[in-house]
Amino acid sequence: DSGVTQTPKHLITATGQRVTLRCSPRSGDLSVYWYQQSLDQGLQFLIHYYNGEERAKGNILERFSAQQFPDLHSELNLSSLELGDSALYFCASSVGTSVADEQFFGPGTRLTVL
Amino acid sequence: DAKTTQPPSMDCAEGRAANLPCNHSTISGNEYVYWYRQIHSQGPQYIIHGLKNNETNEMASLIITEDRKSSTLILPHATLRDTAVYYCIVRVVGWGKFQFGAGTQVVVTP
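Chains as they are written, first to last, in my numbering: chain U, 1 to 114; chain Z, 1001 to 1110.
Warning: the hint list may mix true and false statements.
Examples of chain U residues toward chain Z, derived with CB under 8 angstroms [as the list claims (entries may be wrong)]: (1) A56; (2) S86; (3) L88; (4) F104; (5) F105.
Treat the hints as calculated values from the structure; they're not laboratory data. Only a predicted model underlies this, so the values are computations on that prediction, with no experimental measurement involved. The beta carbon of each residue, even a glycine, is placed where N, CA and C say it ideally should be.
Go ahead and model the full structure; you've got the sequences and the hints to work with.
Here it is as structure tokens:
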């Protein structure tokens, strides 16, 4: 158990819908990262937040957005969903960005878009 | 981040040491080498990381060549539960994202 929690574990929805994925980092971690893992793309970095502020963006679509709240949990919002958005979405957390710290990954949310 | 090259797959007998190579010939002086593994759709699990010295922890050892252009992850006594995809990643300290490649699928057989 990494200490990072993600909800829900599974999500099934239809095209065009909007969903929210939630992540709670390990106690004391200020950084949260989101990754997408689909069968044909592997693990792709989406976005990084540190203490409530966006720090880096990766291959995140404009239909996707994220935020980190004052209690440090984070949410990833996916809208206008398409079939190709079906994937595993992982959240990871780390202490911060100023040391050689490792990222601890949550168990993931499996999103299926029908 | 520097790119890494890993063999797509390798087999290992249970109880034997597993040596996983990684080539990172374009690594910069301030880039660390990280190893993660992913067991069948679970979240990736941190194994070890290092800069230029060899490192050891309870899970594995990391051997980095003197020129830092390659490294080897050693699982000293592989078990069936070590069957996973192993990712070698290099990144600059302080930069948030990890850039995962295809990794090496390791299968430990009885």
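Checked hints:
no., hint, verdict
1, A56, "5 angstroms, holds"
2, S86, "13 angstroms, violated"
3, L88, "6 angstroms, holds"
4, F104, "7 angstroms, holds"
5, F105, "3 angstroms, holds"
In summary, the structure is inconsistent with hint 2 from the numbered list given earlier, while agreeing with all the others.
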